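Q: Sequence:
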Amino acid sequence: MKNKYKGEILNRYSFVSQIREGPKSLRIAAEIITELNGNINRIHYDQHIDPNTAFFEVTCSEDEYEQIRKNLSDIAYLRTSIKSLPYLCFDVKLPHRSGALLEFLEQTGSERAMIGSIDFDDSGSIPDRVTVSMNLEDTERTEILLNKLKALYPIEILEYSETGDELDRTVFYVRFAHEIRQYLADDSDELLMEFIKDINHNVQELKKHGEDPDKVFENYLRCGEYLNSTSGSGFYADVQEIEIDRDVTLFCFQLPAGGSIFLFDTTDEIVMIDTGYGIYAEDARKMFAFYGLDIQNKLKYIITTHADADHCGAGGAYNVPAYMHPATLKIIECGNRAWGSKSENRVLERIYTTMIALFSRWNPPESKNIVLYPEGSEKKRSVFDIISVIEIGGIRFEVLAGRGGHQYGQLIIYSDEKGIIFTADTLMNFSSLSEERKRYNSIADFLITSVNVDSDLAKIERKAISEIADDYYKRTEERCIICGGHGAVSYPDENGRLKTYDKTEHYTHSV
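FYI, in our numbering the residues of the sequence shown are 64 to 574.
Think of the hints as simulated: they come from the structure by calculation, not from any bench.
As the structure is a computational prediction, the values presented were derived from the model and not from experiment.
Just so it is clear, CB atoms sit at the ideal spot from N, CA and C, and this is done for glycine as well.
Treat the hints with care, as some may be off.
Stated by the list, open to error - Straight-line C-alpha distance at most 30 Å; calculated BS3-like pairs for lysine-lysine:
1) K211 to K271
2) K349 to K363
3) K566 to K363
4) K566 to K481
5) K442 to K405
6) K442 to K526
7) K481 to K442
8) K405 to K393
As the list claims (entries may be wrong) - Taking CB as the label site, the calculated pair distances span:
9) S505 to H572: 20 to 28 Å
10) Y354 to E499: 21 to 29 Å
11) E332 to H572: 35 to 43 Å
12) V452 to I72: 46 to 54 Å
13) S505 to K442: 32 to 40 Å
14) H159 to E499: 54 to 62 Å
15) K442 to D275: 46 to 54 Å
16) E541 to K271: 45 to 53 Å
17) D249 to C397: 30 to 38 Å
18) I72 to S161: 54 to 62 Å
19) D250 to E281: 16 to 24 Å
20) I72 to L221: 49 to 57 Å
21) E206 to S180: 30 to 38 Å
22) D565 to V434: 19 to 27 Å
Work the whole structure out from these sequences, hints included.
A: Listed below in structure tokens is the structure:
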């Protein structure tokens, strides 16, 4: 947009401010922004979370933004790194006279020490001892401060750490970044700082919904920890192997977290429906080999049901065509799972897309391999457009375009010949999920409040799929096989409840 006074291009920028003097610091930061014509779009400061950190988003020109950053930096109000801070805990003996503590605090303040605790009581057993814990900006300032204090007072160092393991609540975001860094493939300060800004925005939004900020931070850590601990040596899956035809076998691999991978193994080819998370790509290859599936030579193409990371996030690990709806490509490109829906502008959706991409090693299909289905069609199956017809192992399947309930562009794959329907995340057997998977799935429910971008359309889609399955049963007296995006391959019983189809076996790399 244009500034009507200057004719300059205005952009939205974000930065993190270091709050050293409570409300006074906020006022000074706001004054600097205002003096340079910045319009504050977002601010979040919560002393109960971190009394030293505030998050700003402002609209201004690029030149004004750079000057704002410079002016804040000149007075040590700009946080440019989220790296771990040195931690120092020590006993110091102060003279027992008026003003001694003030003089000590002036010395620590000169090196920008962030004091976490002070313990002093002149009625105690050692009346002149003060125990102090603090964080400093870097090791150089730590050494300078220690040298100053040692020249003035008797000091005993109780603890000193440069790792960040001893960070206290007064520098919460630095401590939180230290914890979360271990779950990221790219843990550069620049990326981590942007991620922390997003997480803070998520906290701000969910607090409006009445959620406790501590619970938000906890769910981020739970997500990163679970994905990391269930990859590599901790990987496992629940597997179903179903004979569809004499020469066609369907495999369903329920991964530890996220969506299932489906493989059709035929005489001449393998076709994959959804890829799972990128973090599981190598584990999945080992598992496929265990089941005798020659992915390297037989995998012909992938059908990507939708753009969530747990369904397409390992697509880049396979150099084969990846078929998808045009909206799925758009979501991959823009990084917002709610694109094209009424939830498109929700902050929670955009931030969740970023978070899960980082934690799950997002690696979608390469652009050279992406093949787009038509966006729509006049031909219908119930409420769904039939946008393509394909054959897998001689079996005819219709590719149906969803209505945009779970996500715009989601596909449903249906064979009226065999009574098999791949419902993606529109319909699934929740009761078949393990307790670990249910707990993991609850993270997304909490962080974005609903995994469906349009709950009303999602209800319409579920009803339509149930009607397709009912119609198949009425015509053939056979139950439709429901392949949900999560959980076990199932079938609807006489009451419409989903029951697990055939047996499931547990796989680990040590099998």
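Q: Now, for every hint given, state plainly whether the structure supports it.
A: Structure-based check of each hint:
1. As the CA atoms of K211 and K271 are separated by approximately 46 Å, the hinted pair breaks the 30 Å bound.
2. A threshold of 30 Å between alpha carbons decides the hint, and for K349 with K363 the separation of about 19 Å falls inside it, so the pair holds.
3. With a CA separation close to 28 Å, the supplied pair K566 and K363 stays within the 30 Å bound.
4. Distance check on the hinted pair: K566 and K481 sit about 20 Å apart at the alpha-carbon level, within 30 Å; holds.
5. Using a Cα cut-off of 30 Å, the hinted pair K442 and K405 holds, with the two alpha carbons roughly 26 Å apart.
6. Distance hint between K442 and K526 is fulfilled; the C-alpha atoms sit about 19 Å from each other, no more than 30 Å.
7. In summary, the hint linking K481 to K442 is supported, as the alpha carbons are separated by about 20 Å, within the 30 Å threshold.
8. A distance of roughly 16 Å separates the Cα atoms of K405 and K393; the hinted pair therefore holds under the 30 Å criterion.
9. Between S505 and H572 the Cβ separation comes to about 27 Å, which falls inside the hinted range of 20 to 28 Å.
10. Hint check: Y354 to E499, Cβ distance near 22 Å, so the stated range 21 to 29 Å holds.
11. As the Cβ distance of E332 to H572 is approximately 26 Å, the hint placing it in 35 to 43 Å is violated.
12. Distance hint for V452 and I72: a CB-CB separation of about 48 Å, consistent with the stated range 46 to 54 Å.
13. Here the CB-CB span from S505 to K442 is close to 39 Å, well matched to the stated 32 to 40 Å.
14. In this structure, H159 and E499 meet the distance hint of 54 to 62 Å, their C-beta atoms being roughly 59 Å apart.
15. The hinted range of 46 to 54 Å is satisfied by K442 and D275, whose Cβ atoms lie roughly 50 Å apart.
16. For the hinted restraint 45 to 53 Å between E541 and K271, the CB-CB distance of approximately 49 Å keeps it satisfied.
17. Evaluation of the 30 to 38 Å hint for D249 and C397 yields a failure: the beta carbon distance comes to about 20 Å.
18. The supplied range of 54 to 62 Å is met by I72 and S161, whose beta-carbon atoms lie about 58 Å from each other.
19. A hinted range of 16 to 24 Å holds for the C-beta pair D250 and E281, which are about 20 Å apart.
20. Against the hinted window of 49 to 57 Å, the Cβ-Cβ separation of I72 and L221 comes to about 54 Å, which satisfies the hint.
21. Distance hint check: the CB atoms of E206 and S180 are about 22 Å apart, inconsistent with the given range 30 to 38 Å.
22. The hint said 19 to 27 Å for the Cβ distance between D565 and V434, and at roughly 32 Å that hint is violated.
Checked against the numbered hints listed earlier, the structure breaks hints 1, 11, 17, 21, 22; every other hint is satisfied.
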